[in-house]
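Engineer: Here is how the chains run, residue by residue.
Number of protein chains: 2
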Amino acid sequence: MSIFGRISTFRLRPGSVSHFTTSEARLLKIGDILREKRVFLDEDVQEYAKVSQDMNPLHFDSELARSYGFEGPLVHGIFVAGLFPRIISSHFPGAIYVSQNLQFRLPVYLGEEITGEVEATQIRENRGRYLAKFKTRCFKTGGLTVIDGDATAVLPSLAVE
Amino acid sequence: MSIFGRISTFRLRPGSVSHFTTSEARLLKIGDILREKRVFLDEDVQEYAKVSQDMNPLHFDSELARSYGFEGPLVHGIFVAGLFPRIISSHFPGAIYVSQNLQFRLPVYLGEEITGEVEATQIRENRGRYLAKFKTRCFKTGGLTVIDGDATAVLPSLAVE
Numbered sequence: 052m053s054i055f056g057r058i059s060t061f062r063l064r065p066g067s068v069s070h071f072t073t074s075e076a077r078l079l080k081i082g083d084i085l086r087e088k089r090v091f092l093d094e095d096v097q098e099y100a101k102v103s104q105d106m107n108p109l110h111f112d113s114e115l116a117r118s119y120g121f122e123g124p125l126v127h128g129i130f131v132a133g134l135f136p137r138i139i140s141s142h143f144p145g146a147i148y149v150s151q152n153l154q155f156r157l158p159v160y161l162g163e164e165i166t167g168e169v170e171a172t173q174i175r176e177n178r179g180r181y182l183a184k185f186k187t188r189c190f191k192t193g194g195l196t197v198i199d200g201d202a203t204a205v206l207p208s209l210a211v212e
Numbered sequence: 052m053s054i055f056g057r058i059s060t061f062r063l064r065p066g067s068v069s070h071f072t073t074s075e076a077r078l079l080k081i082g083d084i085l086r087e088k089r090v091f092l093d094e095d096v097q098e099y100a101k102v103s104q105d106m107n108p109l110h111f112d113s114e115l116a117r118s119y120g121f122e123g124p125l126v127h128g129i130f131v132a133g134l135f136p137r138i139i140s141s142h143f144p145g146a147i148y149v150s151q152n153l154q155f156r157l158p159v160y161l162g163e164e165i166t167g168e169v170e171a172t173q174i175r176e177n178r179g180r181y182l183a184k185f186k187t188r189c190f191k192t193g194g195l196t197v198i199d200g201d202a203t204a205v206l207p208s209l210a211v212e
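Chain order of the listed sequences is Z and B. Each residue of the first sequence is one higher than the last, beginning at 52 in this note's numbering. Each residue of the second sequence is one higher than the last, beginning at 52 in this note's numbering.
Isolated chain Z (complex conformation):
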């Protein structure tokens, strides 16, 4: 299990109130961004392949991957996209995923540092829960987008853990 390179950050939009004390709950607002970095290593891809039973040779066979114009084996796209529910549920335990749209823009290679980012774009209260829409994006060092799309989740509370 790789935790190398993983950093969790909660960033508020410039201009929004950011001087919370420990006793105040930080409440999610439109424009807030939650972010996390992860490096996907060979053993992560092996483990994911095992549990998902997805043995596409593109994830293991360097020669095949290069014959397709890639630099080497790719990390499974939907495994990388798992960063989005992971980010949302780590800050809102008990979040229920409703939808996720994914565009895979660029390959993710073993060992690359990938940042996952979710930005709240809509929040609607409904009977004590919150339907939140997020812009979701993963990017490499340098800011190149590798995955983008959006997600919707039901949050039990707007308090950011």
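The set of hints was computed from the structure by calculation and includes no laboratory data. Hints should not be assumed to be uniformly reliable.
Pairs count within a copy or across copies, as identical chains cannot be separated in the list.
As a list, the in silico SDA-like pairs of lysine to any residue whose alpha-carbon atoms are at most 25 Å apart [stated by the list, open to error]: (1) 80 x 98; (2) 88 x 152; (3) 101 x 194; (4) 184 x 108; (5) 80 x 92; (6) 101 x 207; (7) 186 x 208; (8) 101 x 172; (9) 186 x 108; (10) 80 x 159; (11) 186 x 149; (12) 186 x 104; (13) 184 x 210; (14) 80 x 90; (15) 191 x 205; (16) 88 x 98.
Chain Z is fixed; fit chain B onto it per the hints.
Structural biologist: Then chain B, alone, in the frame of chain Z:
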């Protein structure tokens, strides 16, 4: 690694030619459906949680899940959705995923038999490769849809393995 309950089938639309011999390659056509069943067990969810680092208590805490109106802990939606690239790449090794849209309609519980299904809806040749669009759906016994959406992938060939 659970292979319990997994069956892979290639079904042709009624009316299309289905009397292939072993020497003939089966070529994907619009309307063709590829399907696979899987039962997600507790150990699968534990393994997925470890590799994805997604520790949402909804996947482990029966009491919390029931307090939300569920029957028990849920399988991670994006883990179930991994059936789609798994089905596509097992029949088209080397397939490159381009997009995946997902609507999570119903919870998937531990031990339920889930069928993943991809149906070719568009196929476009481009310089010796094929951009294929699929309707993607997972359903429970009885036919209840748990996930639907669509996917696009680049296939190295239309031959169905």
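Engineer: Please write out, lowest number first, the hints stated earlier that are contradicted by the structure.
Structural biologist: 1, 3, 5, 8, 10 and 14
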